[in-house]
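Residues per chain, in single letters:
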Amino acid sequence: MAFCGINQLVTILSQQKSDVSREKGPFVMLNLDPVVLARIQFATNISFHIIFPATTIALGWILFFFKRRFRKTENPLWMDAYFFWTKVFALCFALGVVSGITMPFQFGTNWPGFMNTFGNIAGPLLGYEVLTAFFLEATFLGIMLFGFRRVSPFVHDLATFLVATGTTISSFWILSLDSWMQTPVGFEMIAGKAHAVDWIAILFNPSMPYRMAHMLMASGLTASFLVAGLSAYRYLRGEKGEAVMAALKTGVFLAAVLIPLQVLMGDAHGINTLKYQPQKVAAMEGLWKTQKGAPLVLFAWPDDKARENLYTVEIPKLSSLILTHDLDGEVKGLNEFEGRHPPVAPVFWSFRFMVGLGGLMLLTSWAAAYELIRKKSLSPLVARALVPMAFSGWAATILGWYVTEIGRQPWIVSGVMTTAEAAAEHPPELIGISLGLYLLLYAFLFTAFITTLFYMARKGAAQQA
Amino acid sequence: MEIFSDGTWLPLAFAGLMALALLVYAVLDGYDIGVGLLMLRAKPEERDVMIASIGPFWDANETWLVLAIGLLLVAFPEANGFVLTSLYLPTAFMLFGLCLRGVSFDFRAKAKVNHKAFWDRVFSFGSFLMAFAQGYMLASYTIGFAHGLYAKLFDGAVGLCVAAAYGLIGASWLIMKTEGDLQKKAIHWAKFCLFGTTGAIVLVSVATPLVSPRVYERWLSEPTVYAMALLPIVVAVLIGLTFYILNRLPKAQDRGCWKPFALTVGIFLMCLIGLGYSFYPYIVPDRIKIVDGASAPESLMFILVGALIVLPFMIGYTFFAYKIFHGKTKELAYY
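Note that the protein sequences, when read in sequence, are chains A and B.
If you're matching positions, the first sequence starts at 1364 in our numbering and goes up one per residue.
If you're matching positions, the second sequence starts at 4 in our numbering and goes up one per residue.
What the hints contain is simulated information worked out from the structure, not anything from laboratory work.
Please note: incorrect hints may appear among the correct ones.
Pairwise CB distance ranges (calculated) [stated by the list, open to error]:
id, chain 1, residue 1, chain 2, residue 2, range
1, A, N1479, B, Y153, 31 to 41 Å
2, B, G259, A, F1567, 47 to 57 Å
3, B, I318, A, R1512, 17 to 27 Å
Okay, the calculated bits of chain B under chain A, using three or more residues with CB under 8 Å as the criterion [what the hints assert, rightly or not]:
id, region
4, 289–301
5, 308–315
Only part of the chain B face toward chain A is listed, based on derived beta-carbon distances under 7 Å [what the hints assert, rightly or not]:
id, residue
6, L70
7, G73
8, P80
9, F110
10, A114
11, V116
12, N117
13, Y320
For each residue, glycine too, the CB sits at the ideal point set by N, CA and C.
Please model the complete structure; the sequences and the hints are all you need to start from.
Right under this line is the structure:
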């Protein structure tokens, strides 16, 4: 199944060829470009990885909230909720760490051109992430998980707080670097290498505040839907104790509050993108030609070869209204960026699925919040809807990253270096082997993760009964 | 001082920091990888204690690898790209092992009880893969990524040697953190691994000068040969002392249970000094010099200032964590 999908993806992606020389081998028969393979590998690594930090950043703060509620009310239900979700946190954290260590190694093994050219800027940002975040969260995680009976309540609260702080600080550095690759400023090129001129400008580059806010809220939604969904699963199995209800309410209410804010934030992020990366927005909207009063394309089949949309369903002028806040505002089309814009279909579709998931999130979280406030209980229909929504945050986060990262192509650093220029010249077989290993590993780990998650939820129910 | 005026001190400082990070990594993650290697030799209930002894620490231990590779990435991006593209598959296998062991650690405690033995095997396999791949990479790096059957055999042999060294420090850790039968087993394991480690050190010391004329030149040229002759003597004394102490453990009131661990750290330190001496002044043997391969000074300064501010805190809270979990390992409980 998965392999079929990848083959199709490869066919789509390999339409953009690079000029890296190829050696003979089985992958040449499939017409596989090593750069495309390396990109698929990186996308596989990062897609698997992002699930876990997207969960732990906000889950850490939810745990801190449980902890504080306990200290304030002294009601043990908060500690029950804390201990259950600490285990989920520990599992996600471990998966996040091991899948994350893969990433800096990939810069060396597959993308040496990136670090050779931008090492002066990317290096310190990654270095600060290790120094200020990784050691902090890793060390205090040990105390948070296993130190409850060894340290004072205050120190244990502090450990929980510092773990949450560490995950958040970590997101700052890495999102700053990613945003800099999207909207690079504060540097100069000397003899083919980027040199930092203004660190503050680099750290707080134009797209950084928007991406950071959008991602932190995405993490909030991911964690709250996971908490709500898994609690709804326990609720449906007849476990309606105080601890489960407390977690359920926390998840549902947090999601219900965050989702409208996220819609507004997404809009602001889009307008920022329009200013600095108009070609990305044109691909998201499927607008092939610059026009005034641009329509909002609801559905279409973007044809990259013919450079037009097939089977279009659109609302007149709405795109102009959303992006320029004016019915007849001009929106730049892909025709202005021929040869320098991303492949349209993946960006266009990822964006629509992400927005669609956002709509489902709004519907389910508000319905559940309404029932919990009015009836103090959940109807089976809403509870059943919440269970699969436990994973909606992961899907929406991954899709959002596809929009922004595929949308940056063909550049690795916008306007300065292309992704193909940064790639190592490995024979495709070699990348094929490592990619195959990663796919097998991730399929295995993800299955084990989901199975264990639901096993833990059921075990919780059995212990209560 | 010449090096301060001509600006070469920054790259050298970073090379030094990297060596330090590697040493701390080899000691800290070394002991928890070692525990993983030894785990299948123990009874199921003993395995829980072994896991509990590394539980609060392994995550922070592994972070030292990220710091070491991060420093290479930050300070020597060209060397980083060269080394990692040359070691493409070993790196992939090491990361594969790292992923397996990191997660099985968590899964074994949370999955169904009858799956525990399976996760124990995954943990042990992942630990071995990681140790072997690291040794293989170290060997390949040392002999300048040479190809051919003998080079690969050498790489593989060093892979096994590093596994033995990690086994030694893992067993020493267990001697310090456990008691009773498990401690006796750990003493036995430590002796076995010490044989392996000794063989490893002899193999690398003899083979490297034979493979690399530059290393031969560096070690055997006068007058430094007299000073550097001290190093093998110190290593031999440390190894002899470890054997002597292992044969006399355990003692009443568990006196000296920390000595094998301390001595093993000493052996690791001497090996690192030996390696560092062989490589200097290169960051990639015979290819890229430390001073030539470094990032721009303004970038190195930016990260160094931060590092000097953060490091005291880091060391402080690391000591704090070790103090909290000081002493013999009790059962591991979330609450």
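So which of the earlier hints does this model not fit?
-> 11, 12
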